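Residue numbers (the working numbering), protein chains in the order written: chain A, 1 to 231; chain B, 232 to 1000.
I should point out that these hints are in silico values taken from the structure, not numbers from a laboratory. None of these values were measured; they are calculated from a predicted model. Positions of the beta carbon are idealized from the N, C-alpha and C atoms, including for glycine. Each hint should be verified, as a subset may be incorrect.
[Said to hold, decoys possible] Coverage of chain A stretches by chain B, computed from C-beta distances (three or more under 8 Å per stretch; other residues unrestricted):
id	region
1	12–18
2	107–113
3	136–150
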Amino acid sequence: MKIGVITYPGTLDDRDAQRAIRLAGGTPVPLWHDDDDLKKVDAVVLPGGFSYGDYLRCGAIAAKAPATKEVIRLAAKGLPVLGICNGFQVLVESHLLPGGLIRNEKQHFICRDQKLRVENNETAWTSLFEKDQEILIPLKNGEGGYIATDDTLKMLEQENRIAFRYVENNPNGSMNDIAGITNERGNVVGLMPHPEHAVEAGFGPDTPTAMRSGIDGLLFFESVLKMVVNS
Amino acid sequence: MKLFNSKKLEPSGVDTTDNASTEPDKEQPWQELGLKQDEYEEIKNILGRRPTSSELAMYSVMWSEHCSYKSSKIYLRQFGEKVTPEMKKYLMVGMGENAGVVDIGEGLAVTFKVESHNHPSFIEPFQGAATGVGGIVRDILSMGARPIAIMDQLRFGAPNHPDTARVVHGVVDGISFYGNCLGLPNIGGETVFDSVYQGNPLVNALSIGSMKHEDLKLAKASNPGDLVILFGARTGADGIGGVSVLASETFESTGPTKRPAVQVGDPFAEKVLIECCLELFHAGVVAGIQDLGGAGISCATSELASNGGKGMRVQLKNVLLRDESLTPEEILMSESQERMCAVVPKKRLKEFESIVNKWEVEYSVLGDVIDEDRLYINWGHEEIVNVPPRTVAHDGPVYERPVAYPAYQNELNENSSAKLPRAKNATELATQLMQLIATPNQADKSWITAQYDKYVGGNTALSMPDDSGMIRVSEESGLGVALATDANGKYAYLNPYEGARLALAEAYRNVAVTGAVPRAVTNCLNFGSPENPEVMWQFKEATAGLADACLELGIPVTGGNVSFYNQSGDVAIYPTPVVGVLGVIDDVARRIPSGWQDDGNNIYLLGATYDELDGSAWAKDIHDHLGGQPPKVDLAKEKLLADLLHGASIQGLIESAHDLSEGGLGIAVLEASLRFNVGARIWLGDVLDRDGIDQTAALFSESQTRVLVSVGREDDVKFQALCDARGVPCLRIGVTDATSGLVEIKDIADLKLDDIRQGWSGVMSGLFD
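All chains, please: the whole structure from these sequences, using the hints.
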């Protein structure tokens, strides 16, 4: 199973996403922003970072890259796409997902271990979670405050398109505690927290049982692999 | 490619070498550029004529304290002299290069260094701190390594002073902005508040990189015919500062008059530059590489040529500019960030071009390497620099500045803490402990560290608040490195020789508690003005202390940095020698956390406690007292303790280990409990009996060579036997308790973990939100 990881100039978590795919049992395929050949991958991850420095609106330039345009085309045909942090911002700027992401409420970059609730376990990237399962994965962003119009929020709530919500603490002022959303079809998912940083014991978030032992992020990648195998 | 057009053109008005000969008596602003009369005379001696204004700019900046180490050189030598062959065993590159390189086994090496960016961070805290990170990362990159982590050592003024928040916010934002955008995990550091740093905050930044042995690169141009290429960001008017006197002299009516002194950073450009450089290294198209930092092109060209024992011809008009109005002197001096200078064999130019084009990095060929001991720089058809490169880069002035034992020193040392009242009863002891944990210096620093990405890269095995940062270098074997830095300005003020040894001892111990084996040292020596003989005495003592201590512990200094002139008016900062220790661990899965996590483990105190409260957090923060002599340290015992910790961690006997430092045992117990929110029952009676001390000393003494460990009951016998065999004092002082939610200190107090956390965690946000 081949899962592509796009590297834009300024992408930072591409090697982490590749590792996560490997640990989940898939084959990571590095993709370059300037190349519209997605190499026949079965799914695509848009990783975190600061594409093009994010000096314009975050993700705005990356949304216009040749590789992203191809992602937009194939997503319409059902290609599973996961946007993490900056990748989520790219998906929003590409209009694959609705809404926008603004500066954190407290104006600081925040890096913390964040509890989330899985609201929708019927997407390509969440099928192995239980509904309402609480998971712990790292969050790290400067512009992670999710915003949308009242109509959009209502639509997202009604159509069960909120994939993850922040639990116990809303770290960035996101509306309706939204941490991640999905498209109607469930193949495109974007979220601010970083599942690829909770895939290997020893290097993930602290859990009550042992230091840095959290691997809740692994199920994102295992979910999509399972889906690809089944199709 | 045509570098030098021989066609006769109109003179441009710049000061050429011809002018220097025909107008030998022209007045030059050497004084404004910070040169002394005899230094100016020496330049004339070297050249056999007056320097051109470009040459004057180059010499003035390369002979500055910052670039030439002219006041510190004679003392820094001992780091290279006080070493045994055994200490050099793992040292692949020592002092003098951009950063030292240490063999960590499996064909891998790491390079690491700490550097200061103090003055810019006071003037413009955000950009000063940001470019401090950018600069040290480029040093690491230029050794051929992939930067893998950063740390920061911060010292601010009094927390409640009106100016402190400006500096704290700017510095932390700057580090956060630059480091996070680069994709480097921030794995640790220090934050200290003291009014002595009010006008001179210290912003030191450390970076570490890893590479295969064969990827090592050096900053030298040794093959004539190779091309000299400048690539990365364009050259602009930032960081020119003092050289603007030359600009205003040359272009009085038309040019910009005042240039900004602080550089502006662009971490995106640096991230792209890092990936681009690593691809260039991998392709093997680069014969030599140098980053551009202080003194910009002047430094890069003269150092590359001097290191290679060769010369260079440079066409300065080929430099790509952000601002076309820059004068040649300004171009030579500009400290624009995110630039690198590569030496590339002519036949590899095509490959070089295709890689930099892929990354959309701009470049220009400045000139070539020549087989002559000369650095020629042209501005169009006119020659503006013609100097022996070594005289600029390496043969600057060396001073043995006057040294004087400080007038205040005896009185300071006689003013011991012995006269301070000890706590009269259990309630007072408990109050003092709760007071100390909630002082800005002991309080939770996650307000700062939560602004830094500690996860990126996926190899962070330890970070704040554990005692060291730890990074996995090999994903295959788990081989990794631990890094800790330390400096206690109060100790060094009381006794600079001992203070430097104590800083090394603590950083060494912080590495040892994680299970890693200390292997090498870096330092950043922050002091006041070298022109003050009392400061120079502190510097002399501190460097001797550090060099002697490295010899005793058997680990070499691999490089570092000196920052002088950290003073406002006559008031110098405390001498603050920041010492970083690098340790190696064969498998990071073995690393030990600083706090206990399991229920019912035994808690042991390793090492003996003496009545040592001079210079302590207790004396300063409870009694506002600083005097006497800092704690004593026996480095042979320190080594023994580190060996024990390593042995015990290999055998898997220790569940947690936390070094005792500021605030003593009391603070260490609270920190070990707060780490995973697991309480403990502690009794001090045996410590009082064995060491003959009172409760105040037991809780707050800062005696060295002590560590708090927790051990599973099944490993108890083995662990005690190990301590006995190695002769390390070991006393069971408690047991962990995961259910009570309390830290019970027998005969003193039952403290609620929630109360401790509340006092400890709200301090920073209370001050700065």
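The hints, checked one at a time:
no., hint, verdict
1, 12–18, "holds (count 4)"
2, 107–113, "holds (count 5)"
3, 136–150, "holds (count 3)"
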